[in-house]
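Participant: For chain A, the structure is supplied; the task is to place chain B on it using the hints.
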Amino acid sequence: QQQVKQSPQSLIVQKGGISIINCAYENTAFDYFPWYQQFPGKGPALLIAIRPDVSEKKEGRFTISFNKSAKQFSLHIMDSQPGDSATYFCAASMSTGNQFYFGTGTSLTVIP
Amino acid sequence: GAVVSQHPSWVICKSGTSVKIECRSLDFQATTMFWYRQFPKQSLMLMATSNEGSKATYEQGVEKDKFLINHASLTLSTLTVTSAHPEDSSFYICSAPGTGGSPLHFGNGTRLTVT
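Note that the protein sequences, when read in sequence, are chains A and B. Here the first sequence is numbered in my numbering, starting from 1 and rising by one per residue. Here the second sequence is numbered in my numbering, starting from 1001 and rising by one per residue.
Derived from the structure by calculation, the hints contain no laboratory data. What you are looking at is a predicted structure, and each value in this text was computed from that prediction instead of being measured. Virtual Cβ for every residue (Gly too), placed ideally from N, Cα, C. Be aware that one or more of the hints could be misleading.
[Stated by the list, open to error] What follows is a set of in silico ranges between Cβ atoms, one per label pair, in the way DEER data are often shown: (1) Trp1010(B) / Thr28(A): 34 to 44 Å; (2) Gly1016(B) / Lys71(A): 42 to 52 Å; (3) Asp1065(B) / Arg61(A): 38 to 48 Å; (4) Ala70(A) / Lys1041(B): 21 to 31 Å; (5) Trp1010(B) / Ala45(A): 15 to 25 Å; (6) Phe1028(B) / Gly83(A): 39 to 49 Å; (7) Lys1041(B) / Gln72(A): 20 to 30 Å; (8) Asp31(A) / Gly1016(B): 39 to 49 Å; (9) Ile20(A) / Ser1005(B): 43 to 53 Å.
Isolated chain A (complex conformation) (with noise of 0.2 Å):
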């Protein structure tokens, strides 16, 4: 059973635009979101993360989006940039473990 749900599997967006990714998550045990950015090639880096006490966070050009009652979070990426195309992974996990749920990824392409 998939415990992270990742929407949409890809996603082309303008350069300048914005790219929004959702994911939604069933445990409410889970209390660290995590965001990964992997580029071809490589290992998944860390790109932003939230906790549930607060309903959003920004970083630069990344923003989460925290909906406890819904049990969703999504990324948005604001003025969309082609270094940004490479897949997005949401995660899940409780403080009181070391597993870490992963979404199934979206493979974001921005066209310049």
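Facilitator: Quick look at chain B alone, frame taken from chain A:
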């Protein structure tokens, strides 16, 4: 920041041989490390959890005799693909949780090609 080093970044081997992949936490201690397998354009598939000082925990469907894991120290875990076959060709990635369990730091992966 915390860094996980994985080596080699790519390896080509012949069928029937064994390949060892190393994963090191460079500036922190990791009692736990995770090994993933990733097929092209797919998500990360957790293979096993490597535990320092005890046996690794394998996910369902992963052959523990095929994929040998050894957590030799608080900074080193190794994955050995034994008697490799072409179907073992894949991208293998290790990771280790940072202080307090988060965040998860990934190595740069190893591209294994078995001919």
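Participant: Find the hints from earlier in the document that the structure breaks and name them by number, from lowest to highest.
Facilitator: 6 and 9
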